[in-house]
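Undergrad: One letter stands for each residue in the lines below.
Protein chains: 2
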Amino acid sequence: MEIKVMKNILGENDKIAEENRAMFREKNVTVVNLMGSPGSGKTTLLEKTLEKISGRISAAVIEGDLFTARDAERIERLGVPVVQINTAGGCHLDAAMVKRAAESLELEKIQLLIVENVGNLVCPAEFDVGENFKATVLSITEGDDKPLKYPLIFKESAVVLLNKIDLLPYTNFDLAAAREDLSTIHPNVEIIETSCTTGAGLDAWADWLAGVI
Amino acid sequence: MEIKVMKNILGENDKIAEENRAMFREKNVTVVNLMGSPGSGKTTLLEKTLEKISGRISAAVIEGDLFTARDAERIERLGVPVVQINTAGGCHLDAAMVKRAAESLELEKIQLLIVENVGNLVCPAEFDVGENFKATVLSITEGDDKPLKYPLIFKESAVVLLNKIDLLPYTNFDLAAAREDLSTIHPNVEIIETSCTTGAGLDAWADWLAGVI
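Protein chains in written order, with this note's numbering: chain A, 1 to 213; chain B, 1001 to 1213.
Keep in mind the hints are simulated off the structure, nothing from the lab.
Every residue, glycine too, gets a C-beta built ideally from N, C-alpha and C.
A few of these clues could be false.
Stated by the list, open to error - Which residues of chain B face chain A? A partial, calculated answer using Cβ under 7 Å:
{"id": "1", "residue": "S1054"}
{"id": "2", "residue": "Q1084"}
{"id": "3", "residue": "L1121"}
{"id": "4", "residue": "V1122"}
Next comes chain A alone, as it looks inside the complex (with noise of 0.2 Å):
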């Protein structure tokens, strides 16, 4: 019974997500669902990003989380057009949420829409919102072995954020196994290995982004 009602509720899901898919591609947005696990560091990414792109490409953001609207105040800060989604204990966004927010945003000024799912390796793959890409973001701290794991996110992904990778030395995590598995996964997956800390691969990563808007 429950997976009846998944595939109903997936259902409405996507009819929405086309929906968002036809608005956004009416206002020429390009929009990016940003994944990850609770402390991967997307936020921070995002902050990185954003300066890194900013005068390049106009941005905006739709923030995802169950309670706090702890990112999305970091998001505004930078002077970046952000909205906030409280899910209540939801544990991903869906497209009918996301539909709400994107349209209090001037899509018209926006060529890229960054929408920072909430941290999940599960549920939100399971979720179209409306997005031309997926991006997950795994932390060299969580081990090697989340690619096949959690293989649908990576599946999905048109980019994985090797993220933290200056934590590298101080744990056991296996990076050609890694990539190996990555790609086994999905074949022509691109994987950038990204820091925060050290700014390694942010450049690549904001090259990525302009080369799909």
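Position chain B against the provided structure of chain A, taking the given hints into account.
TA: Chain B alone, transformed into the frame defined by chain A:
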């Protein structure tokens, strides 16, 4: 509509969870539901814990994962009875899954059953599996803002393990702030700082477990 469905699912789950609790009580088994983000270090901590309590507490493990049996294989190598639950993409364990898994264990030989949940800071907190205690692993590398961002799981947990404490010098994690936030969310929560690299806190955690069986 989604909320109504969710309530029905939770109501059914709670009923089975109570049946599980009665079954465990009858067999004198204490059950700990071990939760945390992907990569917070749950399985490594579990391995070290089982080594630590070996000969002192007779334990068994139920491993929850989306697809692989990797974690169960790691536990099996220690000679500890283990059952793998694959959720096939599902984001949490529920009481029915744990019931089926527990029925395949020789419960009369077990004092402590540790259920390692799916790596996820959101959904597992909502599903009682019939445990006596919830324990949440929060790794230092995830950031000190996680208790306020994911309050339910910390509110429900009898004990929080601040794991990978050896990485504290390489992060901007504010230990005092995290402890204060945890105490605000859950005034009586037990907080233990652990590291599987240095062995810090593992005795305190083993003593905590010995105290609840």
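Undergrad: Now tell me if each hint is right for this structure.
TA: Here's how the hints hold up against the structure:
1. S1054: Violated, about 23 Å.
2. Q1084: 12 Å, violated
3. L1121: 5 Å, holds
4. V1122: 4 Å, holds
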